[in-house]
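With the hints as a guide, bring the two chains together.
Residue numbers (my numbering), protein chains in the order written: chain F, 9 to 325; chain Y, 359 to 612.
None of these hints come from the bench; they were simulated from the model. For glycine and all other residues, C-beta sits at the position ideal for the given N, C-alpha and C. There's no promise every hint is true.
Residues from chain F shown here face chain Y by an in silico Cβ test under 7 angstroms; the list is partial [unchecked claim]:
(1) 82
(2) 86
(3) 118
(4) 173
(5) 306
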Amino acid sequence: MLFTHIRRVLFPALLIFLLGGQAAQANDKLTLLLDWFINPDHAPLFVAQEKGYFAAHGLEVEMIAPADPNDPPKLVAAGKADIALSYQPQLHVQVAAGLPLTRFGTLIATPLNTLLVLEDGPVKSIADLKGRKVGYSIGGFEDALLRAMLARHGLTLDDITLVNVNFSLSPALLAGQVDAVIGAYRNFELNQLAIEGYKGRAFYVEEEGVPSYDELILVANPDHMDRAVLRRFLDALEDGVRYLVNHPDESWELFIRGRAELDDELNRLAWRDTLARFALRPAALDRARYARFAQFMQDQGLIEKALAVEDYATVLE
Amino acid sequence: MMSILRPLIIIACLVLVWQIIIWLSNVPHFILPAPARVAEAWWVHHATILGHAGVTLLEIALGLLFGALLGALSALALAYFRPARRWLLPVLVASQAIPVFALAPILVLWLGYGIASKVAMATLIIYFPVATSFYDGLRRTEPGWTDLARTMGASRWTLLTRIRVPAALPALASGLRVATAVAPIGAVVGEWVGASAGLGYLMLHANGRVQIDLMFAALLTLAFFAVIIYFIVDTGLRRALPWQPDKLPTEQEE
Numbered sequence: 009m010l011f012t013h014i015r016r017v018l019f020p021a022l023l024i025f026l027l028g029g030q031a032a033q034a035n036d037k038l039t040l041l042l043d044w045f046i047n048p049d050h051a052p053l054f055v056a057q058e059k060g061y062f063a064a065h066g067l068e069v070e071m072i073a074p075a076d077p078n079d080p081p082k083l084v085a086a087g088k089a090d091i092a093l094s095y096q097p098q099l100h101v102q103v104a105a106g107l108p109l110t111r112f113g114t115l116i117a118t119p120l121n122t123l124l125v126l127e128d129g130p131v132k133s134i135a136d137l138k139g140r141k142v143g144y145s146i147g148g149f150e151d152a153l154l155r156a157m158l159a160r161h162g163l164t165l166d167d168i169t170l171v172n173v174n175f176s177l178s179p180a181l182l183a184g185q186v187d188a189v190i191g192a193y194r195n196f197e198l199n200q201l202a203i204e205g206y207k208g209r210a211f212y213v214e215e216e217g218v219p220s221y222d223e224l225i226l227v228a229n230p231d232h233m234d235r236a237v238l239r240r241f242l243d244a245l246e247d248g249v250r251y252l253v254n255h256p257d258e259s260w261e262l263f264i265r266g267r268a269e270l271d272d273e274l275n276r277l278a279w280r281d282t283l284a285r286f287a288l289r290p291a292a293l294d295r296a297r298y299a300r301f302a303q304f305m306q307d308q309g310l311i312e313k314a315l316a317v318e319d320y321a322t323v324l325e
Numbered sequence: 359m360m361s362i363l364r365p366l367i368i369i370a371c372l373v374l375v376w377q378i379i380i381w382l383s384n385v386p387h388f389i390l391p392a393p394a395r396v397a398e399a400w401w402v403h404h405a406t407i408l409g410h411a412g413v414t415l416l417e418i419a420l421g422l423l424f425g426a427l428l429g430a431l432s433a434l435a436l437a438y439f440r441p442a443r444r445w446l447l448p449v450l451v452a453s454q455a456i457p458v459f460a461l462a463p464i465l466v467l468w469l470g471y472g473i474a475s476k477v478a479m480a481t482l483i484i485y486f487p488v489a490t491s492f493y494d495g496l497r498r499t500e501p502g503w504t505d506l507a508r509t510m511g512a513s514r515w516t517l518l519t520r521i522r523v524p525a526a527l528p529a530l531a532s533g534l535r536v537a538t539a540v541a542p543i544g545a546v547v548g549e550w551v552g553a554s555a556g557l558g559y560l561m562l563h564a565n566g567r568v569q570i571d572l573m574f575a576a577l578l579t580l581a582f583f584a585v586i587i588y589f590i591v592d593t594g595l596r597r598a599l600p601w602q603p604d605k606l607p608t609e610q611e612e
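Excised from the complex, chain Y in its bound form (with noise of 0.2 angstroms):
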C-alpha cells in the first residue's frame, strides 16, 4: 500500500512546491508556468507528446544497450591487456571532456538525421559510467582471493573470468544505474543538433513558438519515464545479483 501511495505523496509534494514557488516569486507564465496550465497543456497535446516521447524511450534503450555493451567490452579489454590501460585509458577520459556539441554535428554528418545519430550520442553519453565502473570494479578485486587463486594456478584468463569478472559485478550494476540516470539526457542532446521527431524536439520547438506550458509537459514527460526506466533497471539488476547485499542497518531490521 505504502509503495504505491510514497510516490503519489512525493509528486503531490513537488507539485505544491512549485505552485509556492510561483505564487512567492511572481515568476511570469511564459518564464515558469504554473502546475494547471502544464496540466491542461499535457491534456491537450497529450497524443502527441507520447508519441514523440515514444521515439525518444527507443533512442533510450538503443543508447543503453550499446553504451553498456561498449562499456562492459572496453573495461574487460582494459582490464586485461596492459597496454590498453597505458594508451586507452586517457583517450577514455577524453572522451567524456569534449562538449557534446562539438561532436554532435559530426555524428550527424556521418550517421546522417536519422535515429542512428540520436543513439550514438546516448552511447557515448552512456558509455564512460559504465566503462568506469566496471574498470574500477575489477581492478578492485580483494587481494586474498587473487592470491588464492594463483596459488591454484589459475591463469591471467581464468582469474579474470571466474574471479574479477564476478566480483566486480555490482561495480557493473553501479554504473548501469548512472547510465540510466543520465540516458534521456543522451538522446535530448543528440535530438538538439538534429531532429525531426522526439521530445527534445518537441521542447525546442515549443520553445521557439512561445508554448512555454507545452514545453514543461515534455519536459515533465520526459522526467517520469526516466524514474520509471530507472526504477525498472534498478529492480532487474537487484534480481540479477541476489547474493550482493545492499540493504542499509535500519533496512535490514525489515
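Next comes chain F alone, as it looks inside the complex (with noise of 0.2 angstroms):
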C-alpha cells in the first residue's frame, strides 16, 4: 500500500519538483560592457557576481572590458550588448548625435575628474596656470571643463597650451613637460603619484565652476531594453553596494578573487578612495541635475540644444 503510494504520488511529484525547480533556475542573460579595464571602479558589480546577486535575481551577467571606451556606448546603441557603461557627459554628446541610449541606472554619483599638478610645483591656484601647459587625453571634454574653470579666475583657453598626452598623464606631469593635466581621475593618478612618491594637488572639478555630475552611468537601448530584466539588475547591484559599504575589507577580497593581477598598492589605495563615491541608489534619478549639466554642455557648445531629460534618462519601476 505504501509502495503504492510512493510510486503512484510521490516518485511524479519528486520528479515535477525537480523539473519545474529546472525551468524556474533559466536565468535571464546579459551582457554588460565595462567602460576600461576592470579597476576599483567597477567595484559594486564584481561584489555583486562573486556573492550571487545576479543570480538570486535570476541574472546571468557577462562582464566584458573593451579595449576602446569610446566602442561600449555604439555596441550597445547598435544592439550588440545589453548594459554598457558610460559617462554622463559622454551621454549628452552621444544622445545628441543620434545614438539610441538612455541612462537607467548610476554607479559612481560623483565626478571623479580633476585638474592636477603637484604640490611644490608652480601652480598653486587655477589662475596660475596662466601661459603654462595643461595635459589632456583625447575623447574627454577636457577644454570645455577647462574653459569653465578659468572662466571664474578671468582666464579663457587662449592663456594655457592645451597639449594632448593621451591617458599617460602622470608620467607628462612628473616628467615636467606639463604643469597639470585635466582628466586625472582623483582616486587614481592622485595615487599614482603618491606611490612614485610626489604628492599631487587636486583641484575639483566641481568646485571650480563646472555642475555636478554621474562619472559612470548604466546605459541601454531603450528599444531594446527589457525593463522588468534591467529593474532586477538595478536591484542585486544595490545590493551589492550595500554590502560593499557595509564591509569593505571582504568586498576587496571578492573583487581580487581569481583576477590576483587587481591586487597591487594602486588599486588598493584607489579602492579606499571610490568607496564614498558609489550611488547608493543606483535606480534614483535627480532630473534637475541632469538637466542642469545638460544645460552646462549646450552653454560650452559641446551641444547645439539640450534636450528633455525624458530623452535620455529613465527610471525603471
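Next comes the structure, spelled out in C-alpha cells:
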C-alpha cells in the first residue's frame, strides 16, 4: 500500500518538483560592457557577481572589458550588447548625435575628474595656469571643463597651451612636460603620484565651476531594453553596493578573487578612495541635476540643444 | 584620357559598394556613415581637415626621408661588415616585433610631444622594409658578376660600390614602395600617442566626440593622400631606374 503510494504520487511529485525547479532556474542573460579595464570603479558589480546577488535575482551577467572606451555605448546603441558603462557627459553628446541610448542607473554618483598639479609645482591656484601647459586625453571634454574652470579666474583657453598626452597623464606631469593635467581621476592619478613619492594637488571640477554630474552611469538601448530584467539588475547592484559599504574589506577580497593581477598597491589605494562615491541608490534619478549639466554642455557649445531629460534618462519602476 | 577616367571609375565603384553595404547590412550611422554624410562632413570641415592633413604629410615626408636613409645605410653596413650581420640582424628583426604602443610613450618622453616623436615613430616603421629589401638585393647579386669582378682584381669596396649597389637598386626601389605605403600608418600611430594636430589626432578627437562622419572624412583624406604619395614615389623610382625592365608581357605589347 505504501509502496503504491510512493510510486503513484511521491515519485511524480518529486519529478515535477525537480524539473519545475530546473525550469525556474533558467536565468536571464545580460552582456555588460565595462568602460575600461577592470578597476575599483567597478567594485559593486564584482561584489554582486561574487556574492551571487545576480543569480539570486535570476540573472546571468557577462562582463566584458573593452580596449576602447568609446566602443561600448556604440555597441549597445547598435543592439550588440545589453548594458554599457559610460560617462554622463558623453551620454549628452551621444544622444545629441542620434545614438539610441538611455541612462537607467548610476554607478558612481560624483565626478572623478580633477585638474591635477604637483604640490610643490608652480601652480598654486587655477589663476597660476596662465601661460602654462596643461596635458589632457582625447575623447573627454577637457577643453569645455577647462573653459569653465578658467572663466572663474578671468582666464580663457588662449591663456594656456593644451597638450594631448593621451592617457599617460601622470608620467607627463612627473616628467615636467606639462604643468597640470586634466582628466586625472581623484582616486587613481592622485594615488599614482603618491606611490611614486610625489604629492599631488587636485582641483575638483565640481568645486571650480562645473556642475556636478555622475561619472559612471549604466546605459541601455531604449528600443531593446527589457525593463523588468534591468530592474532586477539594479536591485542586485544595490545589494552589491550595500554589501560594499557595510563590509569594505571582505568586498576587496571578493574583488580580487580569481583576478590576482588586480591586487596591487594602486588598486588598493584607489579602492579606499572610491568607496564613498558609489551611488547608494543606483536606480534613482535627479532630473534637475541632469538638466543642469545638459544646460552647461549647451553653454559650452558641446551640444546644440539641451534635450528633455526623458529623452536620455529613465527610471525603472 | 583613360588614365584620368580609370581612377574616377574605381572611386565611383568603391563608393557604390560602400553604399550597398549600408543598404544591405542596416549598420547604424554612428558605426559606418553613408557616403553622403561623410561628403557633407568633409565639405563643412574641409579647412580643419586640410590643416591637419598638412601636419601629417610633413610627418610622412620626414619619416620617409630619415627611414629610407637609415634603412639604406644599415643595409650597406650589413652587406659590407660580417660582424654587423651577426650582431645587428637579430636586433633589426626584433625592432619590428615590438608593438608600437610600447615604444611610443618612450619616444614621446625623450622627444617631447612635438613633431619629432611622430617623425621618429614613422621612421621606425619605414626603416625595416627599406633595410631588408636593400640588404636582400645586395646579397643576391648575380654570382657571375661577382666572380668576374674578382678575377679582374676588384677589392671588397669596389665590388660593393660598382657591382652590388647598382644591381640592388631595384630591390631598394621595391623597399621604398612598401615604405611609402606604410608611412601614413607610421605617422598616424605616432599621433595617437600624443599629438595636438594631424589626421590621426583628428580621427581620435572626432571619435571621442561622436562625430563619426568627420572621423571617416579624415580617414578618407588620409587614404587619398597616401595613394597620391605612392604614385609620386612610384613614378619617381621608375624614372630613376629607366634601365630596369618592369613591365609584364601583356604591357610590353602596348
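Hints versus structure:
no. : hint : in the structure
1   : 82   : holds (6 angstroms)
2   : 86   : holds (5 angstroms)
3   : 118  : violated (22 angstroms)
4   : 173  : holds (5 angstroms)
5   : 306  : violated (15 angstroms)
Of the numbered hints listed earlier, those contradicted by the structure are 3 and 5.
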